[in-house]
Amino acid sequence: MYPLYFGVLPSILLTLIFSYLPMFTNVIAFMDYDMFNGWLGLGSPFVGFQNFSFLKDPDFYKLVTRTLTYSVAGLIFSFPASLLLALALNELRNELFKRTIQTISYIPHFVSWVTVASLVYIFLSVDPSGLINNLKQAMVGGERISFMQKPEYFLAILLITGVWKEIGWGTIIYLASITSIDPQLYEAAQIDGAGRWKQMLHVTLPGIMPATVILLIFAVGGLFSSNFDQIYNLQNDVIRNDVSTINLYVYYKGLRDQQYSLSTAIGLFQGVISFILIRTANFISKKVADVGFL
Amino acid sequence: MRSVRKPIALLLTACLLAGVAGCGSGSSNSAAPSQAQTSEASGGGSEGPLNLKDMKIKLQTTYYQPAKPSTDDVLTPIWHEKTKVSAEVVDIPQDVSVEQWVQMQAAAGTLPEVIINHAIISHPAAMKYLVSSGKVWEITKDMAEKYMPNLVKRLSQFGSSIDLLMEDMKYEDGKVYYLPVEWDAMAFPKLQTDPRANEWAGPHYYTLSFRDDILTKIFPDAKTEDQLKDLYVKNGGKLSFEEATGDVPIKNRDDLYNYLKKVKALGLKVGEKNVIPAQLCPADPGSIMWALQTAYGAFWQQEFGYKDDQLNYLKSLPAFKDYVQWYNKLFNEGLMDPEAWIMKSDMIDAKAVNGEYAVINGKVDDARKLSQQENRGYGYRTLPIFPIELDNEFQNLTYNSVSLYQQGSIIFTKTIKEEDLPQILNWYDFNVSEEAMELRAWGPPEFYTGDGADRRFKPEYKDLEQDKAFGHADGEKNGAYYGLFNEIANNPEVLKINGFGYLDTPYNVYAATKTPSKEDPIDNAVNSAIRKHYRDQMKYYRRVGWAISDIEGDPDYAKAHDKIESKEAYSYLVNSLVCKPEEFDAKFKLYNDLCYGSDFQATLKKLQAKWKDIYDQHVKPEIDKIQ
Amino acid sequence: MAAFRKEEAYGLRIKRSAGDKAYDTFNVLFMLCLAFVTVYPFWYILVYSFNEGRDAAMGGLWFWPRKWTLQNYKYVLGNPYITNAFLVTIARTVIGSIIHMVVTGFAAYTLMKKDLPGRKAIVYFYMMPMFIGGTLVSSYLVNAKLGLLNNFFVYIIPGAFSFFMMLVIRTFFEGIPESLEESAMLDGAGYYTIFFRIYLPLSGPIIAATVFFSAVGHWLDYYTNLLYVSDKHLYTLQYVLYKVVVASETSDMYRELQESGRLLTLTSEQQVTTQGLKMATLVIVTFPVLFVYPFFQKYFTKGVLVGAVKA
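Residue numbers (our numbering), protein chains in the order written: chain C, 1 to 294; chain R, 1 to 627; chain S, 1 to 311.
Because the hints were derived from the structure by calculation, they are not lab data.
Treat the numbers as computed from the prediction; the structure is a model and nothing was measured.
Quick reminder that beta carbons are idealized off the backbone N, C-alpha and C, glycines included.
Be aware that a few hints might be false.
[Claimed, not checked] Taking lysine-lysine and the PhoX-like style, the derived pairs with C-alpha atoms no more than 25 Å apart in a straight line are:
| id | chain 1 | residue 1 | chain 2 | residue 2 |
| --- | --- | --- | --- | --- |
| 1 | R | Lys-82 | S | Lys-67 |
| 2 | R | Lys-234 | R | Lys-514 |
| 3 | C | Lys-253 | R | Lys-587 |
| 4 | R | Lys-56 | S | Lys-232 |
| 5 | R | Lys-344 | S | Lys-67 |
| 6 | R | Lys-417 | R | Lys-170 |
| 7 | R | Lys-141 | R | Lys-170 |
| 8 | R | Lys-589 | C | Lys-253 |
| 9 | R | Lys-251 | R | Lys-307 |
| 10 | R | Lys-141 | C | Lys-136 |
[Said to hold, decoys possible] Just a few of them, taken from the derived set where beta-carbon distance is under 10 Å, the chain R residues facing chain S:
| id | residue |
| --- | --- |
| 11 | Val-90 |
| 12 | Pro-93 |
| 13 | Gln-100 |
| 14 | Trp-101 |
| 15 | Asp-247 |
| 16 | Lys-344 |
| 17 | Ala-350 |
[As the list claims (entries may be wrong)] Not close to chain S: a few residues of chain R, all C-beta gaps over 12 Å, as computed:
| id | residue |
| --- | --- |
| 18 | Val-89 |
| 19 | Lys-135 |
| 20 | Val-152 |
| 21 | Asp-454 |
| 22 | Phe-584 |
Construct all of the structure, not just a fragment, from the sequences and the given hints.
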């Protein structure tokens with residue numbers, strides 16, 4: 001058995017040095033941080049859980065609700081989207097067509113959110129050159145809407161752009177999984193008289209279940225955070241206060257307002273919640289599907 | 001798979017490791033970035049001529065860098081030869097705050113040798129951190145006299161002195177750590193009256209540009225840009241304040257509002273699109289603070305208004321609320337772009353260039369050009385945004401304090417070893433010298449002939465002449481080509497030291513003999529007229545015994561200021577700018593309560609008391625002297 | 001797709017019912033729509049990048065450049081550091097992906113064994129950093145003390161292990177029948193022999209996916225450079241491009257201040273706008289990846305498990 005441990009040695013060392021070592025700064029969550037107190041400000045006085053008083057602030061829970069809304073909505077729309085697309089791609093008969101579509105579908109992954117946001121603003125503009133408004137006028141009529149100035153449209157914009165950007169990229173793991181399913185299983189199903197739909201249901205889906213479950217568990221773990229890049233770039237001054245999430249709040253407090261203790265404390269809080277979520281998801285999936293990674 | 005990739009991978013790896021190892025070894029030893037490759041033994045040599053050795057330093061600065069390097073850089077080789085110092089810029093990563101960065105660099109031992117960054121040097125916490133952890137070299141008068149003779153010379157040349165500099169640049173512990181890279185011409189007695197220093201002096205007046213066809217439709221007596229240019233040529237190349245601004249009766253917010261309403265009523269179009277009456281400031285709400293700079297009778301680019309012995313915080317006054325409400329009115333009545341506050345800047349540019357705005361703040365040269373090319377039939381008139389009285393309700397700008405301390409400064413960190421410091425100071429000194437200024441303005445001696453007012457570029461440098469003397473940088477071999485940038489960009493190797501320096505710039509020399517033509521940018525003449533109009537009314541006195549940071553660097557104020565500048569506050573402000581008129585009071589109240597609540601008022605009272613003391617003790621006597 | 005091809009190979013005929021045909025048609029149409037929606041914004045970016053900046057900013061540029069120009073590309077590629085940055089990026093992509101695969105792959109193989117003592121503990125050990133992070137300051141310090149600043153290996157070492165990919169690979173390995181391993185062990189093979197001879201060859205798809213992800217990650221990363229590298233000859237491609245765009249933005253910004261009343265100077269670079277540069281940059285970064293992917297994609301079409309058990 002012992003030679004086997006050499007396999008994990010490099011990764012354990014790397015994790016220890018590059019992930020665990022830098023963790024020491026998290027103590028400032030429990031301090032009244034002042035950069036002049038000792039080395040890197042780590043000599044600051046301990047104040048226990050004082051920095052966690054945000055948990056009593058009702059405004060914080062507004063942020064939590066909003067973050068959860070965005071994440072859960074994203075989970076409901078984005079997560080199945082990649083899976084379904086992978087399955088649909090799998091059904092394509094023409095190999096070349098399939099490859100082309102697949103390659104095209106993940107192009108948006110490479111476009112940074114900065115550029116995507118510019119494009120979104122151009123397309124959604126209320127200006128006569130705004131494409132979406134023009135389409136709307138042609139089809140439904142009515143007034144032109146300045147979408148990006150109205151917080152009520154933001155969730156829809158988040159979901160649509162989110163799916164658009166990642167749907168293709170997300171299929172890669174599924175496709176890799178699908179191709180490793182033993183073809184003999186398909187043969188057997190066919191011989192039993194199963195059509196394409198049944199084959200998908202009884203062969204393909206179970207075959208990719210393990211990978212799917214892992215992705216799902218990780219997604220659940222991320223419910224308490226949000227896609228910072230996406231929201232940071234899509235927001236603007238008019239709607240900012242109405243669309244902010246925990247991550248953005250931490251960013252602004254930490255970077256702009258220099259409240260390092262507070263932002264670290266919130267970060268720790270998020271970490272704890274994530275951990276609980278992942279444990280729970282893993283537990284449930286083990287009970288239900290006998291798949292889990294812990 | 002592996003059998004295919006292996007050979008390719010190995011080949012690439014071999015080549016690249018070889019190349020990379022070559023690079024890596026140069027900097028592998030320590031994390032400290034300074035590489036002093038000694039080409040000769042460094043003797044003690046602090047007396048007598050300096051032993052210069054090749055030195056590379058890291059420079060942290062936010063002075064702008066050209067994206068495109070110059071094709072035939074003439075200055076950098078000269079600089080290298082004279083100073084043997086070559087500088088590379090280090091950036092502060094985007095999401096790192098200034099004090100975090102300073103902490104990080106200090107702890108890891110990777111502080112760049114030289115820092116020219118106002119954000120760091122004037123940041124109370126960051127600077128204090130550097131000083132208290134002993135990471136900054138102190139500059140003494142002794143050092144200045146030994147290693148920076150040019151600096152000493154030029155200070156006294158313009159009527160100041162190294163002693164005065166040392167006094168003005170004192171840090172809170174009484175020592176001097178930073179030296180200037182920017183200068184206020186008015187701080188030098190001999191420059192205050194020198195006409196060649198004209199361009200630097202006077203308040204920074206902002207202007208609005210008006211499409212002149214619309215302007216003349218509404219005010220038939222107003223001149224078009226073309227007509228104004230005729231007048232300019234007739235006058236021999238200048239305009240008076242009255243000529244430049246007197247013909248357009250837009251002198252305050254109400255006038256502007258009425259004008260915009262009339263514009264809207266005209267219902268003009270550009271192609272399919274409606275002409276939007278106004279784009280008054282960039283899409284950032286913070287810009288309403290400074291874009292319409294004198295929109296309610298105060299010069300309030302500054303946060304504080306100093307009215308004799310009274311201190312006002314301009315944005316917390318009721319007048320500010322009226323101002324914001326005025327904006328709200330404009331927005332709701334369709335006099336502004338409906339997406340004015342969220343548009344990305346390139347869309348604003350595009351619309352401006354297209355002529356879709358009747359009144360714009362900034363960026364009209366491209367529009368003018370295109371208008372000419374496409375024969376649209378209009379130009380733009382540039383007008384000051386409301387002429388004001390210098391001594392008004394909120395401030396008294398007749399008397400202005402000057403100091404050799406400016407926002408731009410340079411510090412030398414202890415990453416520089418003691419024996420290397422003289423050479424670095426010598427590098428700074430060369431950059432401040434008259435020789436360096438002359439090189440920046442005119443290039444090396446082979447580019448020109450003659451001296452003083454007779455100096456002219458040689459014929460083969462026509463493009464350069466057009467650029468430097470007349471402001472037409474369209475030729476291929478312009479300033480950027482030779483690395484002789486104008487104000488726009490900077491070469492870290494050829495450190496940009498602003499402002500006072502070379503008085504016989506091409507612009508000044510040629511101006512004396514230049515024939516005015518309608519090709520000249522008219523805005524220069526207009527802006528000069530405006531600046532002169534106010535400059536003539538202003539008086540200057542030296543700041544002695546107090547500093548601006550006494551008021552504006554106060555820690556409590558810093559906290560309040562952070563709140564005022566926070567994204568949250570700006571969001572509230574923007575919401576009050578775009579909401580319906582009936583919701584305005586409620587929305588503005590959110591902004592007001594966040595920023596100017598009781599904490600703020602207490603801090604303000606404290607500062608007001610402080611200012612009164614300073615005024616009585618230090619300022620009034622100086623003012624009395626120059627009455 | 002493996003299943004159908006194999007069937008043809010086995011000589012089985014598949015009858016396509018009417019329902020099947022309808023589904024196929026619908027599928028193809030759907031894919032075309034998807035392709036259009038995904039590709040159109042990129043097409044817009046492509047068109048924009050080949051159009052004069054000022055003109056493009058006026059809008060209305062939907063399908064074809066109005067004022068064709070190569071200016072944006074000249075400007076971006078004219079930077080003297082581009083070639084070197086390109087080489088550095090290729091180096092890190094290749095070396096980094098290989099090392100990542102090795103480190104992560106070994107870990108996955110080791111943790112696959114259900115009876116390994118401490119297995120759960122190790123997994124937890126890897127997982128915890130997901131919840132507690134370090135800050136920029138602490139990470140910088142660690143890298144500095146290790147001598148990784150301005151060192152090529154800062155691109156390779158810190159990112160050499162990925163917990164998530166390890167799990168995915170492990171899941172894959174767990175799907176390979178144990179009987180293969182048992183029979184190999186009976187033949188006297190050691191742990192690592194089995195790894196190289198059995199598991200790796202059978203994991204073509206997942207390895208291809210892992211290497212691809214890792215390679216793309218390296219290719220797109222500019223943040224490491226931004227934080228830890230200031231030596232020009234170690235700049236990566238993305239970083240150089242990022243700087244070009246940022247510099248252009250700052251000089252745009254400066255031009256605005258210019259027009260507020262100081263000496264007006266007009267540069268001949270006027271037609272090049274920041275947006276145009278951003279678009280050209282994006283195209284330059286994305287294109288190589290599009291060409292490389294099909295090379296990986298062929299690993300997604302092999303039915304690698306066929307007959308493996310039988311053999």
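Hints, one by one, checked against the model:
1. Of the pairs offered as hints, the one joining Lys-82 of chain R and Lys-67 of chain S is violated, with about 46 Å between alpha carbons and a cut-off of 25 Å exceeded.
2. A distance of roughly 13 Å separates the Cα atoms of Lys-234 of chain R and Lys-514 of chain R; the hinted pair therefore holds under the 25 Å criterion.
3. Between Lys-253 of chain C and Lys-587 of chain R the alpha-carbon distance is near 23 Å, which keeps this suggested pair within the 25 Å criterion.
4. Distance check on the hinted pair: Lys-56 of chain R and Lys-232 of chain S sit about 13 Å apart at the alpha-carbon level, within 25 Å; holds.
5. The straight-line distance between the Cα atoms of Lys-344 of chain R and Lys-67 of chain S is roughly 22 Å, inside the 25 Å bound, and the hint therefore holds.
6. A distance of roughly 23 Å separates the Cα atoms of Lys-417 of chain R and Lys-170 of chain R; the hinted pair therefore holds under the 25 Å criterion.
7. Straight-line distance between C-alpha atoms of Lys-141 of chain R and Lys-170 of chain R comes to about 12 Å, which keeps the hinted pair within the 25 Å bound.
8. In summary, the hint linking Lys-589 of chain R to Lys-253 of chain C is supported, as the alpha carbons are separated by about 23 Å, within the 25 Å threshold.
9. Between Lys-251 of chain R and Lys-307 of chain R the alpha-carbon distance is near 23 Å, which keeps this suggested pair within the 25 Å criterion.
10. Using a Cα cut-off of 25 Å, the hinted pair Lys-141 of chain R and Lys-136 of chain C is violated, with the two alpha carbons roughly 72 Å apart.
11. Taking 10 Å as the C-beta contact cut-off toward chain S, the hint placing Val-90 of chain R at the interface holds, the least distance being around 5 Å.
12. For Pro-93 of chain R, the interface hint holds, since its Cβ comes within 10 Å of a Cβ in chain S; the closest pair sits about 5 Å apart.
13. A least Cβ separation of about 6 Å between Gln-100 of chain R and chain S falls short of the 10 Å threshold, and the interface hint therefore holds.
14. With a least beta-carbon distance of about 9 Å to chain S, the hint placing Trp-101 of chain R at the interface is held under the 10 Å criterion.
15. Checking Asp-247 of chain R against chain S by beta carbon gives a least distance of about 19 Å; that is not within 10 Å, so the hint is violated.
16. The interface hint given for Lys-344 of chain R is met, as the beta carbon of that residue sits about 8 Å from the closest beta carbon of chain S, less than 10 Å.
17. Hint status for Ala-350 of chain R: holds, given a least beta-carbon distance of 4 Å to chain S, under 10 Å.
18. Chain S draws Val-89 of chain R into its interface by the beta-carbon criterion, the shortest separation being 8 Å against a cut-off of 12 Å.
19. Even its closest Cβ contact with chain S, about 15 Å, leaves Lys-135 of chain R beyond 12 Å, as expected for a residue assigned away from the interface.
20. Non-interface status of Val-152 of chain R relative to chain S is upheld: no Cβ of that chain comes within 12 Å, the nearest being about 29 Å off.
21. For Asp-454 of chain R, the non-interface assignment is confirmed: its Cβ lies about 22 Å from the closest Cβ of chain S, beyond the 12 Å cut-off.
22. No beta-carbon of chain S comes within 12 Å of the beta-carbon of Phe-584 of chain R; the shortest separation is about 29 Å.
In summary, the numbered hints that this structure violates are 1, 10, 15 and 18.
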